[in-house]
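A.B. asks: If you want the building blocks of each chain, they are given just below.
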Amino acid sequence: MTVVKPPDQRNISIISDERSGSMTRQMVVWCPDWPVVATAAELGLSTQLPLAVFERGEVFACSAMARVEGVRRGMRRRDASARCPELTVLERNEGSEIRTFESVLSAIEEISAGVSPVRPGLCALRVPSRFYGGEREAAAVVAEHLVGAGVWDFRIGIADGIFAAEHAARRAAPQDCWIIPSGGSATFLSVLSIGVLENADPASCERQHCASSSQELVTLLRRLGIRSLGDFAALATRDVLTRFGREGALLHRRARGLDERPVVSRRPPLDMDQRVSFAPALETVEPIVFSTRLTAEKLVAELAHHGLVCTEIRIEVVTEGGWTGSRVWAHSRWFAASDLIDRIYWQLQGDPAPEPVCELRLIPESVESLADHGEGLWGSALNDHVERGIARLQGMLGPEEVLAPSLQGGRSPRDRQLLSPWGERRASQRNPTLPWPGSIPPPAPARVFSTPIPSVVLNEDRRSVSVTARGLITAAPAFIGIGEGAELILVDAWAGPWPIDELWWDRDQARQVARFQITGVDGSAWLFVVENDQWWTEARYD
Amino acid sequence: MQGLGVWRTLESLPGLSGVNQLRTGEAYAVDSPSLATALVAGPSQAGEWIAFVGVSDLGLEAAAQFGIDLERTVVVPHPGDLWLSVTAGLLDVATVVVVKPPVPVTAQQAERLKSRLRLKDAALLCLGEWPRSDATLTITASSWHGLGRGHGRLRARRVVVSIREGGPARQVSLWLPGVDQQIAECDHEVVPLGVAQAG
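In order, the protein sequence lines correspond to chains F and R.
Under my numbering, think of the first position of the first sequence as -1, with each following residue one higher.
Under my numbering, think of the first position of the second sequence as 1142, with each following residue one higher.
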């Protein structure tokens, strides 16, 4: 799909604004294969192994070792494993990429203000050359600092624009820098293949859309006989704009060594964490909660001062002996100081510290703008009374006892439902919309026992029925008994076995079970599961 | 404010309109979890909050299939001895509370909760006995369709619900649920062909 937009005023300003002479020098720090580095760091794997990060079943990034074996970006999982059988397959986790890159950003921020993250693994900054006495010296300082911070594999490029600097960095040796002299960007870029524009992600439009349209443009240019960036740059600006539209003009601008984007430095995140230290350490809950009251109020007030509210908070309890209790609490609206006090109280009650507590930390995990959460003109949110009522109950019973129900994916009825404490972040959910082969089709049972009840299923001769390894039943069920020593019920109808060979690849969690639906002559209907000749009642269709 | 005597009729699923219309300020006794969830599905779909107290073996998927909106549902599975205060507290939050008391309810407890129901404009469903309930719904007959001897699967269930509201009991025959997973009244003896064959 090609979207042809009429050239608006902004386009014209892009084209007419030829200020190549006045461009500021940019330094780009590039960490190769960042998705692999980040994911491996999260899982504690060495990047010396052949690793590949997959997204939607295709290789998104791979380690150097895997590349040597022939794994390439965009390859399917099967092909990649065929090239490199010992490949470790990782799922892409964009959140962790961004999180881990944060450490690189803050390391650079310590020596130079105004770092602008381009994407995880790539950031740009203005070259602090005057302070360090030259570009090469500045790059050396940055490199030294990064190595000190534990980042090993990175390259630095310095040029007039981010695009040129990024490609200069690609040419540099590890931990080294490649400098393109001022005004030399166009010459440097002109020899590069036109294909490098494909992976460019202009910030001016959505990445997804732009990636596909730039890909289309590159294919078209190739077919027109334009192979290098120099050929593309030689075309007249006006012609490119009229023929290829705004996106084409932006890419043309890049090919000529002019960046469409100035470095917008990010503002370092606000440090909102609050901590209370107790000396001497406190043992009972009440004084801890009482002493935290002021800090909680301060936290909420400080957030409000910046126009923010906290919707998720991590409370960490540290004891003298180094024991740390940590837990994330979420609020359906936002935390007021009294809500925070409640959560601290609950956490200390529910997860008591084994030793006297010497420190308590309040770390806002997610803060949102107050504007999104402000009270409406006609009063506050509708569910305010619900939150208050539930908070009261949680105070009475403990937070674990008031639960929010939800559905998740799974095979047994018990796996398919999830009860999580009200207001707490839900544990990782399996997607309920996936097919889940082996799950029982509707209607679902109205009663699902939290622990399956040991049961008996007998044949006509009152001997236990069992399922063979091949998934066949030894005799037709004639009687069922739910629970130890329960009265036997005559079987009316039954169906099964429906065998499930679950998680067979995982030795610890593998289960070989078979399910049955059985109705009794009294009209009751049950869901049975048999595992190793032991029968259990999982649910009742009541 | 107490005892205003104002009540409102809550929404009910289309198939259940002949069985019973829940009204706020009233307490009902129901013996089947399926019937109870189906009865509260109507108010839940209409935007009311629902709470379950003491129902430790609630099938959430069945509840969702009957039409309960789980986003507006609160579950307290193990209230223990505090079940009465928890139920009273949840009446602030939810319009319909389904409670399964761990011990038999005394007439005095029932009366206290009843006055609170009127005050809070809420209804109560008890899974089990409830002294002087406004209506008692019991399933007197239940048969499953779709399951054979070694083949098929559970598809539909026919029940006869007996409703006692002060006067003599009346009986309603229901699909709970039918082959299409919908709840409907069945007033004729014709079994859908697919079910007849599978059975």
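Calculated from the structure, these hints are not laboratory results.
Idealized CB from N, CA, C, for every residue including glycine.
Just so you know, not all the hints are guaranteed correct.
Here are the computed lysine to aspartate or glutamate pairs in the EDC-like style, where the Cα-Cα straight-line distance is at most 20 Å [unchecked claim]:
1. R:LYS1261 x R:ASP1275
2. F:LYS296 x F:GLU318
3. R:LYS1241 x F:ASP540
4. R:LYS1261 x F:GLU385
5. R:LYS1241 x F:GLU314
6. R:LYS1255 x R:ASP1275
7. R:LYS1241 x R:ASP1172
8. R:LYS1261 x R:GLU1189
9. F:LYS296 x F:ASP271
Some, not all, of what chain F presents toward chain R, calculated at C-beta under 7 Å [to be verified]:
10. LEU401
11. LEU405
12. GLY407
13. ASP413
14. LEU417
15. VAL446
16. THR517
A.B. asks: A separate judgement is required for each hint: does it hold in the structure or not?
C.D. replies: To see whether the hints hold, each was checked on the structure:
1. R:LYS1261 x R:ASP1275: With Cα atoms ~17 Å apart, LYS1261 (chain R) and ASP1275 (chain R) stay inside 20 Å; holds.
2. F:LYS296 x F:GLU318: Given that 20 Å is the threshold and the Cα spacing comes to 25 Å, the pair is violated.
3. R:LYS1241 x F:ASP540: holds (15 Å)
4. R:LYS1261 x F:GLU385: holds (16 Å)
5. R:LYS1241 x F:GLU314: With a Cα-Cα distance of about 37 Å, the restraint between LYS1241 (chain R) and GLU314 (chain F) is violated, given a limit of 20 Å.
6. R:LYS1255 x R:ASP1275: holds (10 Å)
7. R:LYS1241 x R:ASP1172: Within the cut-off at roughly 10 Å; holds.
8. R:LYS1261 x R:GLU1189: holds (13 Å)
9. F:LYS296 x F:ASP271: Satisfied, since the Cα-Cα distance of roughly 11 Å is no more than 20 Å.
10. LEU401: Constraint on LEU401 (chain F) satisfied, holds at 5 Å.
11. LEU405: Holds, about 6 Å.
12. GLY407: Where the cut-off is 7 Å and the nearest Cβ of chain R is about 11 Å from GLY407 (chain F), the hint is violated.
13. ASP413: violated (10 Å)
14. LEU417: Since chain R brings a Cβ to about 6 Å from LEU417 (chain F), closer than 7 Å, the hint holds.
15. VAL446: holds (4 Å)
16. THR517: holds (5 Å)
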